[in-house]
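Residue numbers (the working numbering), protein chains in the order written: chain A, 7 to 201; chain B, 7 to 201.
Treat the hints as calculated values from the structure; they're not laboratory data. Be careful, since some hints might not be right.
Repeated chains share a single entry, so a pair holds when one copy, or any two copies, can fit it.
Pairs of lysine to any residue residues, derived as SDA-like cross-links and limited to a Cα-Cα distance of at most 25 angstroms, are as follows [what the hints assert, rightly or not]:
1. 16 - 79
2. 27 - 118
3. 88 - 17
4. 27 - 100
5. 8 - 152
There are 2 protein chains.
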Amino acid sequence: MKLLEERILKDGQVRPGHILKVDSFLNHQMDISFIDEIGKEFKRLFSDRPINKILTIEASGIGIACITALHFNNIPVVFAKKTKSLNLDGEQYTARVHSYTKGISYDVILSRRFLGPDDHVLIIDDFLANGCAAEGLIEIIGAAGAHLEGIGIVIEKGFQDGGKRLREKGINLHSLAIVDSMTDESLVFRKEPDV
Amino acid sequence: MKLLEERILKDGQVRPGHILKVDSFLNHQMDISFIDEIGKEFKRLFSDRPINKILTIEASGIGIACITALHFNNIPVVFAKKTKSLNLDGEQYTARVHSYTKGISYDVILSRRFLGPDDHVLIIDDFLANGCAAEGLIEIIGAAGAHLEGIGIVIEKGFQDGGKRLREKGINLHSLAIVDSMTDESLVFRKEPDV
Chain A
7 MKLLEERILK DGQVRPGHIL KVDSFLNHQM DISFIDEIGK EFKRLFSDRP INKILTIEAS
67 GIGIACITAL HFNNIPVVFA KKTKSLNLDG EQYTARVHSY TKGISYDVIL SRRFLGPDDH
127 VLIIDDFLAN GCAAEGLIEI IGAAGAHLEG IGIVIEKGFQ DGGKRLREKG INLHSLAIVD
187 SMTDESLVFR KEPDV
Chain B
7 MKLLEERILK DGQVRPGHIL KVDSFLNHQM DISFIDEIGK EFKRLFSDRP INKILTIEAS
67 GIGIACITAL HFNNIPVVFA KKTKSLNLDG EQYTARVHSY TKGISYDVIL SRRFLGPDDH
127 VLIIDDFLAN GCAAEGLIEI IGAAGAHLEG IGIVIEKGFQ DGGKRLREKG INLHSLAIVD
187 SMTDESLVFR KEPDV
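Let the sequences and hints guide you as you build the complete structure.
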């Protein structure tokens, strides 16, 4: 997505530890017009699939998922939670996920009431790196007997292996921008990832 | 908001510890058409204010804030984060918040780059109970020299004192539904909170 690559070049910042900060428009401050364009693009990319639910994970995926849902005729969004909350039932799906960015492992939980065999699911998230969060959500979709129709990612770190592993499994993954390498001086995007 | 009260009566569940579960449509699974109506109502209630930014707190406020922003001509959303993330700068505003629901205290942080004296802020959140999260956000707005134009809450627990305290301070608070009492058998709403 050209608009996204241009925005990353303009406003993204590379930090030590392979961190790409895009918090001025994507995951701390959110440029709503821009995210609306992202939602429109996800709709274009997955329009051939019978998607009836969007699944994401708190926190930064939620806003993107909600605005994307508006482009899919207002289908429901479900977000998995990262820790056991006193507000949740015991009746939940659980998957263990490791975050390399934060250096911690956590449980991803989702109430069983909100995912089942009738659901055709699009996973939406802001970043894909090692793919651990996505794999946790896929595990939950499997446990629910739901159908994974695709994964829509805003920014994929192509130099980490999550995207490669998911594509090798035959998963219908679209990343709007794939960063193949990054340094303080340059960012290299993979060409036309969505064609 | 009649539509919201009806939905709470239909789908809300009262649990021990004054917990009102509305996770089937508001803060775990999200009914996007319904949240779009909520956003439209917030726009109606705050249309007289020069709001140019929406502030919320992760996680369940984010989706509501993003969809509400679409009704305010796509103004930016900023969400405060609940723990220190390795992805954040040292340059941030911080406030200490206690969550009675979860029985823990946490720091709320917001990058200084995303809030300043030019910002006229609407705080959006799903719940108001003791008001601690809202007060943390107000503290951050004060530290930034920004202007608080109002607070929009989906569900206020009127039997806890957060709303009372904020109104006594003269804050422009609108809650779309105020639950004055709740038991397994009945929910009592405060009448016409927004008139």
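Exercise. Under a CA distance limit of 25 angstroms, which applies to residue 8 and residue 152: within one copy, between copies, both, or neither?
Worked result: neither (33 angstroms within a copy, 34 angstroms between copies)
Exercise. Between copies, within a copy, both or neither: which fits residue 27 and residue 100 at Cα up to 25 angstroms?
Worked result: between (29 angstroms within a copy, 20 angstroms between copies)
For this session: Classify it for me, residue 16 with residue 79: is the Cα-Cα distance of at most 25 angstroms met within a copy, between copies, both or neither?
Result: between (32 angstroms within a copy, 23 angstroms between copies)
For this session: First find the shortest C-alpha distance between residue 27 and residue 118 inside one copy, then the shortest across copies, and answer within, between, both or neither for a cut-off of 25 angstroms.
Result: Between copies only: 15 angstroms across chains, 34 angstroms inside a chain, cut-off 25 angstroms.
Problem set entry | Homo-oligomer pair classification [residue 17, residue 88; C-alpha up to 25 angstroms] | For residue 88 and residue 17, only the inter-copy Cα distance (24 angstroms) is at most 25 angstroms; the intra-copy one is 28 angstroms.
Hint 5 alone, counting from the list given before, is not met by this structure.
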